[in-house]
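Novice: So the chains spell out like this:
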Amino acid sequence: MSGKLLVFPDTGVLIAMIVYPRTRYGALSLAGEVLELYQTGAFGMVIGQSIVDELEEVIDDRFAAQRGRMVSLLKPFAGQFTRRPTPAEIAAVSSACNDPTDAPIFASAVIARPDIVLANDFEAFHTPAAKSFWQQHRITVESLYGLLCVFGRRQRRETPAR
Amino acid sequence: MLVRRITIRVSPDLHGKLDTLAARRSISLNTLTVEALEKYAQAQAEPPERLPLQELSAFLAPAAEAADLSEEELLQHARAVRRRIWQERYEQTVRAHVGPQERT
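As you go down the protein sequences, you meet chains V and X in turn. Residues in the first sequence are numbered from -18 upward in steps of one, following the numbering used here. Residues in the second sequence are numbered from 959 upward in steps of one, following the numbering used here.
Everything labelled a hint here was simulated from the structure, so no lab data went into it. Among these hints, one or two may not hold up.
Derived coverage of chain V by chain X (criterion: at least 3 residues anywhere in the stretch with Cβ under 8 Å from a Cβ of chain X; other residues may be distant) [claimed, not checked]:
hint	segment
1	11 to 21
2	37 to 45
3	126 to 136
Pairs of lysine-lysine, DSSO-like flavour, derived with a Cα cap of 27 Å [what the hints assert, rightly or not]:
hint	chain 1	residue 1	chain 2	residue 2
4	V	Lys(-15)	V	Lys112
5	V	Lys112	X	Lys997
6	V	Lys56	V	Lys112
7	V	Lys(-15)	X	Lys997
Positions of the beta carbon are idealized from the N, C-alpha and C atoms, including for glycine.
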């Protein structure tokens, strides 16, 4: 592996990084620490259009007043988002997914060709079938905690931390 | 200044467009092409810009706090959105692809 690590975030971790970088007590959350690492340029990020689609809908549903601001901030980066997967590409990855609704995201990650898929949804992204799938595509899957371990901010534990 | 010569082949259409652009600025086709190549080389050499996550956070984190919306609630909603997008955009077409594979 050469150069900066390229990370593909799932929508959940992206939301956690953007909306909950601090705990309710004001301390930096795991997502906030990862956001800080990103801001310092520790790793690069590649985002799929499928992730942006979900993010926009979530914001539209829950923070409608903020949608326009978010869209205009993301607009200049539209060219960087990887394309949506085709139905055939989604069908090809469906056997690795516990829940078929995750298949478009798995397929998007494959298209993006990151070093690491960053997801805290353990039932979807960290199952043995999913891990084997990521391995086949030479992608590592990490949680927020796991990514901090990659950068020496935390120690690996025997039971994966969430 | 030391220069090197390269030869490129372009379509008559592109040639015409470049000629027009150069004429408009009263510069040679060579100067225009060098400018374009320099810009391209610079864009390729620059690292990609960082996504504006911090900027998004600056107004979305306070919005969540003001709405008293917990992380668990919002992530649960994100799962619901994923299901909705699946049903509206992908389910039928993907099943059409999975079906024939399963039958073989």
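Novice: Are the hints correct? Go through all of them and say.
Specialist: Here is what the structure says about each hint:
no., hint, verdict
1, 11 to 21, "holds (count 3)"
2, 37 to 45, "holds (count 6)"
3, 126 to 136, "violated (count 0)"
4, V:Lys(-15) <-> V:Lys112, "holds, 22 Å"
5, V:Lys112 <-> X:Lys997, "violated, 42 Å"
6, V:Lys56 <-> V:Lys112, "violated, 33 Å"
7, V:Lys(-15) <-> X:Lys997, "holds, 24 Å"
Comparing the model with each earlier hint shows violations of hints 3, 5 and 6; every other hint is respected.
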